[in-house]
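Produce the complete structure using the sequences and hints provided.
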Amino acid sequence: MKLFNTICHFEWLQLKRQKTQWISLLVFFLIGCYAIYSGHSTIQKQNMVLSKLQQQYDKDHELALQKFTDTLTAETKAQAATAGMAQMINFRMPPLALDHPEGLAVLSIGQRDVNPYYQKVKSSINYLDQENVEISNPAQLFAGNFDLSFVLIYLLPLLIITLCYHTYAEEKEQGTYSLLSIQAANLTTIMHYKILFRLGIILGLILLLNLIGFMAAAQQAALSISSMMLWLWLSLAYIIFWFAICYFFLQLKRSSIVTALQLVAAWLFFLILLPSLTNSYLSLKYPIPLRASLASYQRHISEEVWEMKPIALADSFNRYNPQYKSSINLAKDSTRNGERFIAGYYDLSERKIVRFARGIDQQLAQKNKMASQLAVINPSIQLQYLFNGLAHTGRSDHQNFKQAVVSFQKKWKHHLLRYQLAGIHFTPTELEQLPKFKLENPSNNLSIWIGSLSLWLGAGLFLLISLTIKRKI
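Mapping of the sequence shown onto this note's numbering: position 59 corresponds to residue 60, and the numbering continues sequentially without gaps.
Do not take every clue at face value.
[Said to hold, decoys possible] Taking lysine to any residue and the SDA-like style, the derived pairs with C-alpha atoms no more than 20 Å apart in a straight line are:
id: 1; residue 1: LYS412; residue 2: LEU349
id: 2; residue 1: LYS78; residue 2: TYR58
id: 3; residue 1: LYS412; residue 2: TYR58
id: 4; residue 1: LYS353; residue 2: LYS411
id: 5; residue 1: LYS414; residue 2: GLU340
id: 6; residue 1: LYS412; residue 2: LYS370
id: 7; residue 1: LYS3; residue 2: LEU200
id: 8; residue 1: LYS17; residue 2: LEU31
id: 9; residue 1: LYS46; residue 2: PHE30
id: 10; residue 1: LYS437; residue 2: SER408
id: 11; residue 1: LYS17; residue 2: GLY201
id: 12; residue 1: LYS368; residue 2: SER277
id: 13; residue 1: LYS437; residue 2: TYR58
id: 14; residue 1: LYS17; residue 2: HIS167
id: 15; residue 1: LYS411; residue 2: GLN324
id: 16; residue 1: LYS60; residue 2: THR70
id: 17; residue 1: LYS412; residue 2: TYR346
id: 18; residue 1: LYS368; residue 2: LEU285
id: 19; residue 1: LYS414; residue 2: GLU431
id: 20; residue 1: LYS368; residue 2: ASN401
id: 21; residue 1: LYS370; residue 2: SER277
id: 22; residue 1: LYS68; residue 2: ALA81
id: 23; residue 1: LYS353; residue 2: GLN404
id: 24; residue 1: LYS121; residue 2: LYS403
id: 25; residue 1: LYS286; residue 2: LYS368
id: 26; residue 1: LYS403; residue 2: ALA219
id: 27; residue 1: LYS353; residue 2: LYS412
id: 28; residue 1: LYS403; residue 2: LEU447
id: 29; residue 1: LYS46; residue 2: PHE29
id: 30; residue 1: LYS254; residue 2: THR469
id: 31; residue 1: LYS370; residue 2: LEU447
id: 32; residue 1: LYS414; residue 2: TYR58
id: 33; residue 1: LYS326; residue 2: THR336
id: 34; residue 1: LYS68; residue 2: GLN88
These are computed hints drawn from the structure, not numbers from a lab.
Here it is in structure tokens:
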């Protein structure tokens, strides 16, 4: 313990004299603070957009209620007569499907800035709408988001390399190795203590940045203690992983320059080369057709279904929607002016489009599943998945939002059809009881705890190999 205290005291004195390391620590801290600010700004803008959308919906709701009572002119009287029609409700005040960001989204934006996070839901799905077209910004997808998770995953390893690459060789290069040998000090033990000192500095710095990030995130949404502890646990695992890599190359006992080059090569391998190879493999193995083909297919199907006989459309609708048998009227259903013709048109069109889109969705699901499996072999990419999963900003979370929208759209459609097919109008009281979209993000903390094991296993593997190298040298 005395030797450890002596080494730590010496390292502290040496650190205070080295302006380069102080500058690197300060620059990293400032970059981390700016990344937190950048993430906070992005999520704040999204919250503002969602808030304005909700305010606009509330205004539309008030205007729709005013239509029932405003009968001063002939025009407003006509509007009052149709104010409660299901078609008018669907047109004037379609419900909003909002994907509100979680608190930790400030620290890990994930794909929230390239995927739609809100949608106006109507009784029919229109694949020509912008909300139903996947947004793909190649530059943004390649570079990633400048948030705290980006700083931790990409820049933190470089800081660790800067602090550790010369830990072993500097004693020989500075000529102090002979003096330490005379004093019967073990150079390997000294190297261990010096690494522990640097580990303490990194842990303190990252803890400070995370605490600042938590305070910024708490301004946007509530944070749970378990989520914050899990974020710290993932940060710790990644730090230990890169210190294990540094320890592995230090055990090779090369010069400072050679060790630095080896560590930079490791950084390039884990953060550039391996992700590029993985993405290339996935693109070749699971090529995804353009979703724009859905829009083209919808145009074709719309024309084809519209040319069908009204009675055929009505029969198709009745077969797949037996809950509306009580409102069947053969006289009206056999004409193009009947409600069942319109309902049957949208019903059959949607079923055909959904069948066509199912193949695309299955290929996308297979690609995402394989990407998640391959991420396990790369701790850096795995950490990004875990951060996004913890913040509910990953691909699976967006898929969960899309599925919730599809489920709610069906609920909204059938709620309107009960009135539309029966020829019943909504009352002002019933407008207050319209279905509301609610998104539930299931807790996945257990899977994240399990996923973090790959980081610890990677660190353990490098440490185990390091001990083997130590015995051979």
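For each hint, the structure was consulted:
1. LYS412 <-> LEU349: With a Cα-Cα distance of about 17 Å, the restraint between LYS412 and LEU349 holds, given a limit of 20 Å.
2. LYS78 <-> TYR58: Distance of about 24 Å is beyond 20 Å: violated.
3. LYS412 <-> TYR58: holds (19 Å)
4. LYS353 <-> LYS411: holds (15 Å)
5. LYS414 <-> GLU340: holds (14 Å)
6. LYS412 <-> LYS370: violated (29 Å)
7. LYS3 <-> LEU200: holds (19 Å)
8. LYS17 <-> LEU31: holds (19 Å)
9. LYS46 <-> PHE30: violated (24 Å)
10. LYS437 <-> SER408: holds (12 Å)
11. LYS17 <-> GLY201: holds (15 Å)
12. LYS368 <-> SER277: holds (15 Å)
13. LYS437 <-> TYR58: holds (12 Å)
14. LYS17 <-> HIS167: holds (17 Å)
15. LYS411 <-> GLN324: Roughly 14 Å separates the two Cα atoms, so the pair holds.
16. LYS60 <-> THR70: Roughly 16 Å separates the two Cα atoms, so the pair holds.
17. LYS412 <-> TYR346: OK: LYS412 and TYR346 at ~18 Å, within 20 Å.
18. LYS368 <-> LEU285: Judged against 20 Å, a Cα distance of about 10 Å means the pair holds.
19. LYS414 <-> GLU431: At roughly 16 Å apart (the allowed maximum being 20 Å), GLU431 and LYS414 satisfy the hint.
20. LYS368 <-> ASN401: holds (16 Å)
21. LYS370 <-> SER277: holds (17 Å)
22. LYS68 <-> ALA81: At roughly 5 Å apart (the allowed maximum being 20 Å), ALA81 and LYS68 satisfy the hint.
23. LYS353 <-> GLN404: With a Cα-Cα distance of about 18 Å, the restraint between LYS353 and GLN404 holds, given a limit of 20 Å.
24. LYS121 <-> LYS403: This hinted pair holds, its Cα atoms lying about 12 Å apart.
25. LYS286 <-> LYS368: holds (8 Å)
26. LYS403 <-> ALA219: violated (26 Å)
27. LYS353 <-> LYS412: holds (19 Å)
28. LYS403 <-> LEU447: violated (23 Å)
29. LYS46 <-> PHE29: This hinted pair is violated, its Cα atoms lying about 26 Å apart.
30. LYS254 <-> THR469: OK: LYS254 and THR469 at ~14 Å, within 20 Å.
31. LYS370 <-> LEU447: holds (18 Å)
32. LYS414 <-> TYR58: Between LYS414 and TYR58 the Cα gap is close to 18 Å, so the pair holds against 20 Å.
33. LYS326 <-> THR336: Judged against 20 Å, a Cα distance of about 17 Å means the pair holds.
34. LYS68 <-> GLN88: holds (14 Å)
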